[in-house]
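Chemist: Sequence:
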Amino acid sequence: MTTKPSPAPWADEPFYLITTPSTQLTDSHSYVHVASDMVHAHNIIIRGLNAIVQQAPNVATSVDEGYNPKDVKDLLFYVKSWTKMVNHHHWTEESFIFPELSKFSGNPGLMDDPHHQHELFHGGMERLLAYSSATKPEEHRWEGPGGMKEIIDSFSKHLTDHLYAEIDVFLGLKDFDSLGLKKIWDQSEEVAKQTGNIGMLYDVFPTVLGCADKTYECGHPFPPLPWIMPYLFNPCDWWGRPKPLAFVAHA
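Counted the way the numbering used here counts, the sequence shown spans residues 53 to 303.
Everything hinted at is true.
Beta-carbon label-pair distances, calculated as ranges: (1) P197 / T78: 44 to 54 Å; (2) G158 / D220: 11 to 21 Å; (3) L77 / D165: 20 to 30 Å.
With a Cα cut of at most 25 Å, we get these calculated BS3-like pairs of lysine-lysine: (4) K245 / K155; (5) K155 / K226; (6) K295 / K122; (7) K125 / K201; (8) K295 / K125; (9) K125 / K136; (10) K122 / K201; (11) K245 / K234; (12) K209 / K136.
No lab work stands behind these hints: they were computed from the structure. Everything numeric in this text was worked out from a predicted model, so none of it was measured. For glycine and all other residues, C-beta sits at the position ideal for the given N, C-alpha and C.
Generate coordinates for the entire structure from the input sequences, incorporating the hints supplied.
Modeler: As structure tokens, then:
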């Protein structure tokens, strides 16, 4: 359950957050920890998407009264950072987690469904990355053909359906060796950290931390990253506490 910072809309909608398995399962097997960590990662992605969808329509464009090019520039940078964060997460899965789990389980097709789900939203994510990287503040539009909303609408359901469905795959790992599974998961965290670069301190890591509600469902320490100043459009502050969205339509 989210502790909302105000009655205003927040980053727990329109796409719903996932319940953490460790709040419902008491099994000591590592599959609970693995699935719960994956839920935390997926909820970070969902909060970021919700933060964009909730706030972007309220950022004035160059044809609107109250247009501020800095606000649009900040929005475009935030969207680019969120997209790079999602891409890095799925790159870690494709390059390490999926093949290692397939080998570990002895089932080469174990992660076929998540892999195919990645393909459904990859093109839309690349379009959004290109748009947010190349669009000038005065060119940005939320509505209309080629606008940000159209691009997000083209892949957001595929993305969120995948984020929800993949958790069931990890919950299905309970029949495998607990220590072996934990070893793979610990290695995957190191792979994710080591494949980052100094540029990610500027865009990806602040987005991760600023979408990590550490009060969610009684609190959790995920992600294990250092303190970095979050962005204006992030839904959480630097302590992982929900904060009011900067650009949101109040009832």
